[in-house]
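Going down the list, the protein sequences come from chains A and B. Position 89 of the first sequence, counting from 1, maps to 89 under this note's numbering, and the rest follow consecutively. Position 50 of the second sequence, counting from 1, maps to 50 under this note's numbering, and the rest follow consecutively.
A portion of the hints provided could be inaccurate.
[To be verified] To spell it out: a stretch of chain B is covered by chain A in this simulated footprint if at least three of its residues, at any positions, have a beta carbon under 8 Å from a beta carbon of chain A; those stretches are:
no.: 1; stretch: 31-44
no.: 2; stretch: 62-76
no.: 3; stretch: 98-104
no.: 4; stretch: 223-231
no.: 5; stretch: 235-241
Keep in mind the hints are simulated off the structure, nothing from the lab. Keep in mind that this is a model prediction, so the values were computed, not measured. Beta carbons: idealized from backbone N, C-alpha and C, even for Gly.
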Amino acid sequence: MAAHDATHHGHGHDHSHAHGEAYAVHVPTRVYYWNFAALMVLLVITLFAAYFDLGEWNLFIAMTIAVIKALLIVLFFMHLAYSTRLVRVFAGAALFWLIIMFVLTLGDYFARQAPSMPGH
Amino acid sequence: MASETVTAGQHAVAEHAADHPHGPAYLHHHFDDVEQQRECTSLGMWSFLATEIMMFGGLFFVYSLYRWLYPDAFHIGSHHLNITLGTGNTFVLLFSSLTMAMAVHFATENNPRMTVICLGLTWILGAAFIGIKAVEWTTDYREGLVPGLNWTYYNHEEGLRELANKPIGPQHVMMYFVIYFSMTGLHAIHMIIGLILVGVFMRYAAKGQFNGGNDQPVELMGLYWHFVDIVWVFLFPLLYLIAGFHPGGLGGGAP
Chain A
1 MAAHDATHHG HGHDHSHAHG EAYAVHVPTR VYYWNFAALM VLLVITLFAA
51 YFDLGEWNLF IAMTIAVIKA LLIVLFFMHL AYSTRLVRVF AGAALFWLII
101 MFVLTLGDYF ARQAPSMPGH
Chain B
1 MASETVTAGQ HAVAEHAADH PHGPAYLHHH FDDVEQQREC TSLGMWSFLA
51 TEIMMFGGLF FVYSLYRWLY PDAFHIGSHH LNITLGTGNT FVLLFSSLTM
101 AMAVHFATEN NPRMTVICLG LTWILGAAFI GIKAVEWTTD YREGLVPGLN
151 WTYYNHEEGL RELANKPIGP QHVMMYFVIY FSMTGLHAIH MIIGLILVGV
201 FMRYAAKGQF NGGNDQPVEL MGLYWHFVDI VWVFLFPLLY LIAGFHPGGL
251 GGGAP
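Chain B on its own, in the form it takes in the complex:
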């Protein structure tokens, strides 16, 4: 069985070496057939996502460690974020995952028009996410909550009141914001890369490049998009929803 497969494979290589007389144009010459090419590229994408998980994993580890060390600081820090905007962004990103899944679906259906429309919706939602994030970051900057650029938490009476009777100082709240900006910043960089990819793929789809069975590139790009969505699915509760959120401001009602 095994040897039979090998010889058959070698046969196929020799036969298809020149120009793939039997294969479609999108079949690369170093693959035997489309099925093999699809599995290889799929594994390649998942390997890349594994490295991405390790990269974000490091940040999630830093988060876990500091939250364990300074739970009060994380509690206070999270109450300075705008939960409405955070929830809105979660909705926007989950919705964009649906439109991306639909774009992949229409690519497999040989429907370039609907593929472009769904990719366009995905792009608009992704851009909306970045826009909302920009509003949040600008507010943080104005409130003096950006370590390194504008950090005035020390000077706020409100801030000092929050810290009263707690075994932490402003520098621990600062650590929360350092982690917040590192994680959301790296996530936003991924979103921007995703937006560029979606834009390029809209052009390709409009030209009909994903027709005739060559839909896999859309699927792989979709994997990246969904991955970035998943990172946010974890960032949202960890950064915004730490505990006992009170509508209408800086409660800081940690017991």
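In isolation and in its complexed conformation, chain A is listed as follows:
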């Protein structure tokens, strides 16, 4: 905040902001390459796991890997790891509301009997 105020008040658009580049997030490109490599490894693991009939565990493994992949994309490709706290709150809010919908509605279904569907 102090740094922000300093550049804000100072008249000469001095040092770092001269070319405007300093505003952008600078992530070393090797982060992207490693992130992609990790995503590929996870893709292979999720595919491999799907060849086995593990009952309930298939879904658990697949979803865990999908969540990790999504996190890698959000944090590094979408720069959330380097974003301001406010942006992170916005990103988290969407997830939070999604969880409300799933937990409350599915909880209601699970707590009752399955609704009778035509043809069942």
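Based on the hints, put chain B in the right spot on chain A.
Here is chain B on its own, set in the frame of chain A:
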């Protein structure tokens, strides 16, 4: 501290109201400075993505509910999909996210040539995804697996054999395919919009519009592209990899 900031802000507004004598050309007049503009537009994009998450979230909820109700039908349905093409598409889309991240990187580096090249690669990969999806959908159509257009699952002996000794009927398998086409269809619409955006941005980048610190539009478009990628990251295991996939066909080996 707070009041000081406010007065400073008002000062800045008054001073910059006319034409931003001190700001770059891409700084809009209703923002104090580039930093404020960047944070505002970033929040705007994330708010839009939140609405997108809610839209896809509804479909994911429908998926969860019906999979819970008719697990056998989902098991059978998923075995009718081509896992090789699905995996290929996942690879293509993850790769396109890398090229998109690189395009954003080169935009911040004031390198329009590499930005255009990376956007071009992203476009080719995105188009490849749509192409592979089209092949899959055409096959589904020929096999009579498209509810509403060509649904002949009832008539297949194979289909009836799959359903034997299971507490489900063909209409439950149909529900799987309704959900499959709704989700992949909405995703494909997003991909096509993404392709149009990438194409337009290639033109802008070639003209050098993202130079001199105006790289944020590329970053925001990248956020959209990565979001669509994430949706597929969930669709792929949920639709294709339900359980015990057997190479070489319609196993349907649910216990």
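Hints, one by one, checked against the model:
Here's how the stretch 31-44 of chain B fares: 8 of its residues keep a CB closer than 8 Å to some CB of chain A, so the rule of at least three is met and the hint holds. Remark: the stretch 62-76 of chain B is confirmed as covered by chain A, as 4 of its residues place a Cβ nearer than 8 Å to a Cβ of that chain, reaching the required three. For the stretch 98-104 of chain B, the assignment as covered by chain A holds, since 4 residues bring a beta-carbon within under 8 Å of that chain's beta-carbons and 3 suffice. For the stretch 223-231 of chain B, the stated coverage by chain A is satisfied: 5 residues place a CB nearer than 8 Å to a CB of that chain, which reaches the threshold of 3.
Closer than 8 Å: that is the beta-carbon criterion, and the stretch 235-241 of chain B has 5 residues meeting it against chain A, so the requirement of 3 holds.
Checked against the numbered hints given earlier, this structure breaks none of them.
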